[in-house]
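Quick note: the sequence shown uses the working numbering, first residue 1, plus one each step.
Derived by calculation from the structure, the hints in this document are not laboratory data.
Just so it is clear, CB atoms sit at the ideal spot from N, CA and C, and this is done for glycine as well.
One thing to keep in mind: the hints can contain errors.
In silico DSSO-like pairs for lysine-lysine, Cα to Cα no more than 27 angstroms straight-line [unchecked claim]:
#, residue 1, residue 2
1, 162, 55
2, 169, 136
3, 85, 115
4, 27, 55
5, 60, 97
6, 74, 60
7, 37, 149
8, 85, 71
9, 149, 97
10, 115, 86
11, 104, 27
12, 115, 136
13, 153, 115
14, 27, 60
15, 104, 86
16, 74, 97
17, 75, 104
18, 140, 153
19, 75, 60
What follows is a list of derived Cβ distance ranges for each label pair [unchecked claim]:
#, residue 1, residue 2, range
20, 116, 170, 31 to 37 angstroms
21, 122, 71, 41 to 47 angstroms
22, 166, 137, 17 to 23 angstroms
23, 141, 43, 41 to 47 angstroms
24, 58, 30, 24 to 30 angstroms
25, 39, 71, 28 to 34 angstroms
26, 106, 141, 38 to 44 angstroms
27, 123, 85, 20 to 26 angstroms
28, 87, 170, 38 to 44 angstroms
29, 141, 100, 21 to 27 angstroms
30, 85, 141, 42 to 48 angstroms
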Amino acid sequence: YLPIKTRQKHSQKLVCDVIVNELKSEKLIGLQAALLKFTTAEKAGSVASVSLEEKEIPVKTEKQDEAEEAKTEKKYIYTLEVISKKGLSQTMTIDAKTGDILSKTENGPASADLKANLLDFVPVMDVDEAAQLAAKASTKNYTQVLSYKLFAKNGMNVFSFKLYDGDVKNTETVLIDGA
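The whole structure should be built from the sequences, with the hints applied where relevant.
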């Protein structure tokens, strides 16, 4: 009886370690560092959402023939939906490995809905802890994080995790209270 119980605890710990190390194995900058890039670039502002996912990014080559198909590579990218201190809605993308700002797009004046749903960083749960809760809540017992998004809705911080079993065709989205 005791060995089975020990084995369960060990496997539960492994599940948590798998999640935490899944994205960390890529040696990515953390959520806080990505947010710091925005606040440093804009000298202030508010964040509506931040997401991390793997995307196909065009590769710039020096002598690329126009007829030649543009080459792409997969990279982990942070996407921040923000409001500048001037009240403009912006989308900023940051390379999650290097921390380089890849793009910043002005989307015009921030909507009332966007202004009403800004992240409150005082009670934000650690992303690793939230990922562990998401894995426990998975109805399909998925333990690997494919991507995540932190956003605000009705005054609450919410994590949305896209979990999978190692095959990107098999995914499940789990929402976790981010406070």
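(request) Sort out which numbered hints this structure fails and list those numbers smallest first. (result) Failing hints, ascending: 8, 12, 29.
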